[in-house]
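J.: For reference, the chains in residue letters:
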Amino acid sequence: MKQKILSNEEIAPGIFRMVVNMWKEAQKACPGQFVHIRCSSSNDPLLRRPLSIHELIPETVGVLYRVVGKGTDLLSKKKRGDVLDIIGPLGCGFRTKPAVEPVVIVAGGMGVAPLLFLAQSLMNVDRHMRAKQALPQNRLASLPLQRRDVRVLIGAKTREFILCEEEFTKLGCSVDIATDDGSYGQEGYVSSLFEESIRKKKAGQVFACGPNAMLREIAAMSARRAVECHVSLESRMGCGVGVCLGCVIKTKGKDGISGYRRVCRDGPVFDAQTVLWDEFISRL
Amino acid sequence: MKQKILSNEEIAPGIFRMVVNMWKEAQKACPGQFVHIRCSSSNDPLLRRPLSIHELIPETVGVLYRVVGKGTDLLSKKKRGDVLDIIGPLGCGFRTKPAVEPVVIVAGGMGVAPLLFLAQSLMNVDRHMRAKQALPQNRLASLPLQRRDVRVLIGAKTREFILCEEEFTKLGCSVDIATDDGSYGQEGYVSSLFEESIRKKKAGQVFACGPNAMLREIAAMSARRAVECHVSLESRMGCGVGVCLGCVIKTKGKDGISGYRRVCRDGPVFDAQTVLWDEFISRL
Amino acid sequence: MRESVDLTTNLAGIRMRNPVMAASGTFGYGEEYASLIDVKKIGAIVLKSVTLKPRDGNVPPRLVETPAGLLNAIGIHNIGVEALKAEKLPGLRDAGTPVIVNIWGENVNEFVKVIEALEDVEGIAGIEVNLSCPNVGGTLFAQDAAAAEGLLENVRKKCALPLIAKLSPQVTDITLIAKACEDGGADAISLINSFPAMAIDVETKRPLLGNVTGGLSGPAIKPIAVKMVWEVSKAVKIPVVGMGGIMSASDAIEFMLAGAKAVAVGTANFVNPRTAEEIVNGIGNYLAKNGFSSVSQIVGVLDAR
Amino acid sequence: MRESVDLTTNLAGIRMRNPVMAASGTFGYGEEYASLIDVKKIGAIVLKSVTLKPRDGNVPPRLVETPAGLLNAIGIHNIGVEALKAEKLPGLRDAGTPVIVNIWGENVNEFVKVIEALEDVEGIAGIEVNLSCPNVGGTLFAQDAAAAEGLLENVRKKCALPLIAKLSPQVTDITLIAKACEDGGADAISLINSFPAMAIDVETKRPLLGNVTGGLSGPAIKPIAVKMVWEVSKAVKIPVVGMGGIMSASDAIEFMLAGAKAVAVGTANFVNPRTAEEIVNGIGNYLAKNGFSSVSQIVGVLDAR
Ligand SMILES: Cc1cc2nc3c(=O)[nH]c(=O)nc-3n(C[C@H](O)[C@H](O)[C@H](O)COP(=O)(O)OP(=O)(O)OC[C@H]3O[C@@H](n4cnc5c(N)ncnc54)[C@H](O)[C@@H]3O)c2cc1C
Ligand SMILES: Cc1cc2nc3c(=O)[nH]c(=O)nc-3n(C[C@H](O)[C@H](O)[C@H](O)COP(=O)(O)OP(=O)(O)OC[C@H]3O[C@@H](n4cnc5c(N)ncnc54)[C@H](O)[C@@H]3O)c2cc1C
Ligand SMILES: Cc1cc2nc3c(=O)[nH]c(=O)nc-3n(C[C@H](O)[C@H](O)[C@H](O)COP(=O)(O)O)c2cc1C
Ligand SMILES: Cc1cc2nc3c(=O)[nH]c(=O)nc-3n(C[C@H](O)[C@H](O)[C@H](O)COP(=O)(O)O)c2cc1C
Ligand code: FES
Ligand code: FES
Numbered sequence: 001m002k003q004k005i006l007s008n009e010e011i012a013p014g015i016f017r018m019v020v021n022m023w024k025e026a027q028k029a030c031p032g033q034f035v036h037i038r039c040s041s042s043n044d045p046l047l048r049r050p051l052s053i054h055e056l057i058p059e060t061v062g063v064l065y066r067v068v069g070k071g072t073d074l075l076s077k078k079k080r081g082d083v084l085d086i087i088g089p090l091g092c093g094f095r096t097k098p099a100v101e102p103v104v105i106v107a108g109g110m111g112v113a114p115l116l117f118l119a120q121s122l123m124n125v126d127r128h129m130r131a132k133q134a135l136p137q138n139r140l141a142s143l144p145l146q147r148r149d150v151r152v153l154i155g156a157k158t159r160e161f162i163l164c165e166e167e168f169t170k171l172g173c174s175v176d177i178a179t180d181d182g183s184y185g186q187e188g189y190v191s192s193l194f195e196e197s198i199r200k201k202k203a204g205q206v207f208a209c210g211p212n213a214m215l216r217e218i219a220a221m222s223a224r225r226a227v228e229c230h231v232s233l234e235s236r237m238g239c240g241v242g243v244c245l246g247c248v249i250k251t252k253g254k255d256g257i258s259g260y261r262r263v264c265r266d267g268p269v270f271d272a273q274t275v276l277w278d279e280f281i282s283r284l
Numbered sequence: 001m002k003q004k005i006l007s008n009e010e011i012a013p014g015i016f017r018m019v020v021n022m023w024k025e026a027q028k029a030c031p032g033q034f035v036h037i038r039c040s041s042s043n044d045p046l047l048r049r050p051l052s053i054h055e056l057i058p059e060t061v062g063v064l065y066r067v068v069g070k071g072t073d074l075l076s077k078k079k080r081g082d083v084l085d086i087i088g089p090l091g092c093g094f095r096t097k098p099a100v101e102p103v104v105i106v107a108g109g110m111g112v113a114p115l116l117f118l119a120q121s122l123m124n125v126d127r128h129m130r131a132k133q134a135l136p137q138n139r140l141a142s143l144p145l146q147r148r149d150v151r152v153l154i155g156a157k158t159r160e161f162i163l164c165e166e167e168f169t170k171l172g173c174s175v176d177i178a179t180d181d182g183s184y185g186q187e188g189y190v191s192s193l194f195e196e197s198i199r200k201k202k203a204g205q206v207f208a209c210g211p212n213a214m215l216r217e218i219a220a221m222s223a224r225r226a227v228e229c230h231v232s233l234e235s236r237m238g239c240g241v242g243v244c245l246g247c248v249i250k251t252k253g254k255d256g257i258s259g260y261r262r263v264c265r266d267g268p269v270f271d272a273q274t275v276l277w278d279e280f281i282s283r284l
Numbered sequence: 001m002r003e004s005v006d007l008t009t010n011l012a013g014i015r016m017r018n019p020v021m022a023a024s025g026t027f028g029y030g031e032e033y034a035s036l037i038d039v040k041k042i043g044a045i046v047l048k049s050v051t052l053k054p055r056d057g058n059v060p061p062r063l064v065e066t067p068a069g070l071l072n073a074i075g076i077h078n079i080g081v082e083a084l085k086a087e088k089l090p091g092l093r094d095a096g097t098p099v100i101v102n103i104w105g106e107n108v109n110e111f112v113k114v115i116e117a118l119e120d121v122e123g124i125a126g127i128e129v130n131l132s133c134p135n136v137g138g139t140l141f142a143q144d145a146a147a148a149e150g151l152l153e154n155v156r157k158k159c160a161l162p163l164i165a166k167l168s169p170q171v172t173d174i175t176l177i178a179k180a181c182e183d184g185g186a187d188a189i190s191l192i193n194s195f196p197a198m199a200i201d202v203e204t205k206r207p208l209l210g211n212v213t214g215g216l217s218g219p220a221i222k223p224i225a226v227k228m229v230w231e232v233s234k235a236v237k238i239p240v241v242g243m244g245g246i247m248s249a250s251d252a253i254e255f256m257l258a259g260a261k262a263v264a265v266g267t268a269n270f271v272n273p274r275t276a277e278e279i280v281n282g283i284g285n286y287l288a289k290n291g292f293s294s295v296s297q298i299v300g301v302l303d304a305r
Numbered sequence: 001m002r003e004s005v006d007l008t009t010n011l012a013g014i015r016m017r018n019p020v021m022a023a024s025g026t027f028g029y030g031e032e033y034a035s036l037i038d039v040k041k042i043g044a045i046v047l048k049s050v051t052l053k054p055r056d057g058n059v060p061p062r063l064v065e066t067p068a069g070l071l072n073a074i075g076i077h078n079i080g081v082e083a084l085k086a087e088k089l090p091g092l093r094d095a096g097t098p099v100i101v102n103i104w105g106e107n108v109n110e111f112v113k114v115i116e117a118l119e120d121v122e123g124i125a126g127i128e129v130n131l132s133c134p135n136v137g138g139t140l141f142a143q144d145a146a147a148a149e150g151l152l153e154n155v156r157k158k159c160a161l162p163l164i165a166k167l168s169p170q171v172t173d174i175t176l177i178a179k180a181c182e183d184g185g186a187d188a189i190s191l192i193n194s195f196p197a198m199a200i201d202v203e204t205k206r207p208l209l210g211n212v213t214g215g216l217s218g219p220a221i222k223p224i225a226v227k228m229v230w231e232v233s234k235a236v237k238i239p240v241v242g243m244g245g246i247m248s249a250s251d252a253i254e255f256m257l258a259g260a261k262a263v264a265v266g267t268a269n270f271v272n273p274r275t276a277e278e279i280v281n282g283i284g285n286y287l288a289k290n291g292f293s294s295v296s297q298i299v300g301v302l303d304a305r
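Protein chains in written order, with my numbering: chain A, 1 to 284; chain B, 1 to 284; chain C, 1 to 305; chain D, 1 to 305.
Bound conformation, chain A alone:
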């Protein structure tokens, strides 16, 4: 579980992209899964930190993170060649359906992190199947892109925090941008972009990640149009593997019965209509 860091660069103020050499465990990863990283060998900080898988390029895993506290601060100081203790991939990712179109991806701020991997995967639909069969690992990246209607909506505070636009475009996704201050793309929230988008054309599936308030809006809009929507949620984690029951959120099942589910193991991706948003947001 010791993995070597290949690069760790600040790509926007306080935001880092780190690539680690990690393949044996990671090659079967699904978009929406996360890795659980030990940021220090001391007892403070004690726990691992969960970060979504941002990119899966043969032999390596990329993560995208913002420095918010001591764990991520320690991470940001790691250098190429340093070794990290990483567990994963963990959790259940986005449940994509091959034939449904268009796919709308909504990213708010750091929410872009798991969604690039999702887009990569959508555009190489059967990438994993093929990988398991014939193709040598190091040729996975060169798989041809699919032509799918994938629309990516990215929102952030200001222009400098709009991340991965180019990467999505290169994959063949259409990309629309909103910034709170209008410094780039449309002025306002990404949820307005989403509203417009589904008004114009009903989405097949929606995948979203970002601030909770945004996710709740996207969930509500999707519900109004009866579009399937999956969101990736965050919660404070202990074990990351499902044993401590520390990361739970309250959800309701299709049968209407509510109960706690584990973000680390039953999630982090949930069907947006099963999340009890009021309860979830008030408790954070």
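No lab work stands behind these hints, which were simulated from the structure alone.
Hints are not guaranteed to be accurate.
[Stated by the list, open to error] Heads up, simulated DSS-like pairs for lysine-lysine below, C-alpha to C-alpha not over 25 Å straight-line: (1) A:77 - B:77; (2) C:88 - A:250; (3) A:70 - B:4; (4) A:24 - C:40; (5) C:205 - A:250; (6) A:77 - B:170; (7) B:24 - D:53; (8) A:77 - B:78; (9) B:252 - D:53; (10) B:77 - A:4; (11) B:4 - A:78; (12) C:157 - C:53; (13) C:88 - C:113.
Following the hints, complete the assembly by docking chains B, C and D with the ligands onto the known chain A.
T.: For chains B, C and D with the ligands alone, coordinates are given in the frame of chain A:
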């Protein structure tokens, strides 16, 4: 108290020499004093670590340390340009007398750390006086060396752990070496070198630093010949400034009354004859 | 040399390959960790506290990290004893390591009903009675010697399996509680459970836990736990299982020198799922290096003159 | 904006510039830190526990570092009350900050004699009664409500100064002890003292402290201390001084939200002698940022629904 690291190099296996930019507080430092270094900004390790001042070169302080646990391990990973939180100089140093000769300096293993600064200072006797008066700070190093009879005896396990031989020689000290395995200099302990040395010529003052067992021997040999002997001792420290009473060792006064004295403030240098060696060593 | 060291431990009749257990609530039902580690290498698994009926547990957030510690308020979220019997215990029979069921109830009656429900169930090596959960209502048996003794007596009557009483550190004198449990019929004492504690978000001015208070575990509490194990192991004749902040073999050995016949690893599982396995190896190396042939030789040999 | 914030705190008659005190045993007599910091910026200094006769303290080693904690067994090493009066208190009159004398005795009689010796001595703003040193023999008053109340009553009779009772966390229910002290006549409660604990050197198989056991302080115990302050401040009417692991303004504010009218900084002084000063500034900034005009406005406002 934030000081910038100028260099931090491994000079022997597991042994590092670190130089920090630190002058305002350090320029009045005396040999035998130490600095108290915070090795991590996290709560683990929590306490500062004491390291003797090894060299005082204008504008900078050098320390020499061995990696033994998590504090020194963290230190060893610091790089040029990193900033350290350092308090000091602290404690009472070696009480040198201007006219007494020869001065015998006995260093066992890492014990060499405070003793190089001592030799530098002995060879520039009135360095500090002059510094306070007229000389600009950046010319202190160029002060002429004194001609004094300073004999340095260095002992270590093997050749690679004999440190600073050249530095002492350059200062004009005579240097004799002993290694446990005979890989360099005389085979055996440095205390044998000392025994020979004082047999040949009674020392004026003796200054020693090293393992406790060695110090106790040097102290006993000095006592037998009624030579004044000062030793630099170690003990686990809390505050480093004399308030917590955590670092005490039992000593006896000239009046025969024994009591606890603080290694951090009353020491770390003690008159060897005041140390209750049995008690000191048994409690470590 | 390493081969000749005997790690087997008989804890009040529970025969373990080695003295390193997984602590209740930190190892689930073993299955989640099965992909990450070899469960067979661990001395025993203590399951998450089980209650008569399924329990939902406390309102989130349930965890806060603190300096060298973890504050939790799970609130005995569990599937209930019937589901445990139906869904978990059968699979655990092949775990290859003894399984200890940890039970909790709001009152004596509930404890007794849980133990009755477990009667004659196969694949249980022992019962741990949780007298000390800091995160739920009900009597805190571990804070009252008479209540503790009474509870143990009642459970004892219904239980032929080795019975371990798990204590709370939040007491004036833990030896009194331990002795009461011994008198009540416990075959072993395990300590410590997490320490009642809390943390506050200064920006929202609200507690960081949904349940307001929780239990502190992890390295932060280790020195407190070691002292209690030392005191209790001198006060009772039954064996002691030590836990609280064990992260390494050296930590585990501290507890054993202090008098623990076995140790349990809790929070450390989250930090490094291999901790227990690594500790087993580390203890073996320590024994070999120091010339011991059996792990029992270091139990309680602390030289505290 | 920052200027308009009122930090002054009246702690049971002790008028302080701000609510941040230096904890007993961690700040000496103020003189050692005088060269490193500006003592005037601190709300008050609590001196090292003083006893009737000088005390040598415990056999070294007296300190061990633990994860995010410090274990100490100083053993009330002090110069005795007469030397305190002759050598220290006169100089402290010019310290520019209130000086609180912390007293300890092996029994009620000794406590009373110390307080008598301090009668009419100038330059003392208040008395802290240490009911809770984990490192010495004698009665642990803080573990017995009746003993605590009796001690406070006896000291109260001889003492016209504000009287602070300092409690131990090693009790089943700290609110009972706090109430007993209030009934005994204490004007304030301070908590927590360090937590009884120990650490073992696995190589030598001996305790790492000369005294075998010691008291745990530092960030490790903060969540325990916050909870106790919260409980005690709800249980008594007199003000509470909170301490235990305070390293930063945010830590101090946690204690105040939980109900502490003032806070004390202990172990953190060793880590960073400027801690108390920095906390004073940090509290000021927090109040200004959050629109409070006076520090008293945040005391006990934790929203713990
Ligand atoms: C499944 C999952 C995937 C995530 N993916 C990403 C990602 O790709 N990029 C990214 O920048 N961030 C991501 N996060 C959030 C990230 O884990 C936190 O920002 C990080 O743990 C903060 O740690 P810290 O030590 O820097 O902050 P601190 O504030 O010091 O952390 C204190 C404690 O709070 C917890 N914590 C704080 N914020 C969060 C949070 N938002 N979610 C969960 N725990 C938190 C920490 O684990 C720690 O226990 C993800 C969270 C989850 C649950
Ligand atoms: C006045 C003084 C001057 C010193 N000068 C030097 C020097 O110039 N070069 C050098 O290599 N070492 C020196 N030492 C020893 C050095 O302080 C320790 O090696 C260091 O603190 C170990 O820290 P650690 O975290 O790496 O080890 P750990 O073993 O993790 O430390 C654990 C705890 O023990 C304490 N500790 C461990 N060993 C010692 C020790 N020998 N003395 C005091 N406390 C100890 C630490 O402070 C810490 O609290 C000096 C000690 C003192 C008291
Ligand atoms: C998340 C979590 C859940 C726990 N749940 C239980 C439980 O259900 N029953 C129990 O007896 N102890 C429970 N404990 C306590 C542990 O078994 C253990 O006694 C305590 O955490 C101290 O050990 P540690 O410091 O190694 O974690 C739990 C601890 C944690 C951290
Ligand atoms: C080295 C040391 C010495 C102490 N001496 C005393 C003392 O003499 N009297 C006392 O009442 N408390 C004493 N204490 C306890 C502190 O005042 C404080 O209550 C405790 O350390 C918790 O606070 P902290 O975590 O901020 O250190 C001492 C603490 C330490 C670390
Ligand atoms: S983090 Fe432990 S169950 Fe999810
Ligand atoms: S280290 Fe505190 S008195 Fe010496």
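J.: Against this structure, judge whether each hint is valid.
T.: Taking the hints in turn, this is what the structure says about them:
Distance check on the hinted pair: residue 77 of chain A and residue 77 of chain B sit about 12 Å apart at the alpha-carbon level, within 25 Å; holds. Distance restraint check for residue 88 of chain C and residue 250 of chain A: the Cα-Cα separation of roughly 23 Å lies within the 25 Å cut-off, and the hinted pair is therefore satisfied. Restraint check for residue 70 of chain A and residue 4 of chain B: the C-alpha separation of about 22 Å stays at or below 25 Å, so the hint holds. At roughly 24 Å between alpha-carbon atoms, residue 24 of chain A and residue 40 of chain C fall within 25 Å of each other, so this suggested pair holds.
Taking the CA atoms of residue 205 of chain C and residue 250 of chain A, the gap is about 23 Å. The hint holds against a cut of 25 Å. For the hint pairing residue 77 of chain A with residue 170 of chain B, the CA-to-CA distance comes to about 40 Å; that exceeds 25 Å, so the pair is violated. The suggested pairing of residue 24 of chain B with residue 53 of chain D is violated, with an alpha-carbon distance near 42 Å, which exceeds 25 Å. A threshold of 25 Å between alpha carbons decides the hint, and for residue 77 of chain A with residue 78 of chain B the separation of about 11 Å falls inside it, so the pair holds.
Note on residue 252 of chain B and residue 53 of chain D: the hinted pairing holds, with a Cα-Cα distance of about 20 Å set against a maximum of 25 Å. At roughly 17 Å between alpha-carbon atoms, residue 77 of chain B and residue 4 of chain A fall within 25 Å of each other, so this suggested pair holds. Using a Cα cut-off of 25 Å, the hinted pair residue 4 of chain B and residue 78 of chain A holds, with the two alpha carbons roughly 19 Å apart. Between residue 157 of chain C and residue 53 of chain C, the direct Cα distance comes to roughly 22 Å. Compliance with the 25 Å bound is thereby established for this hinted pair.
The straight-line distance between the Cα atoms of residue 88 of chain C and residue 113 of chain C is roughly 19 Å, inside the 25 Å bound, and the hint therefore holds.
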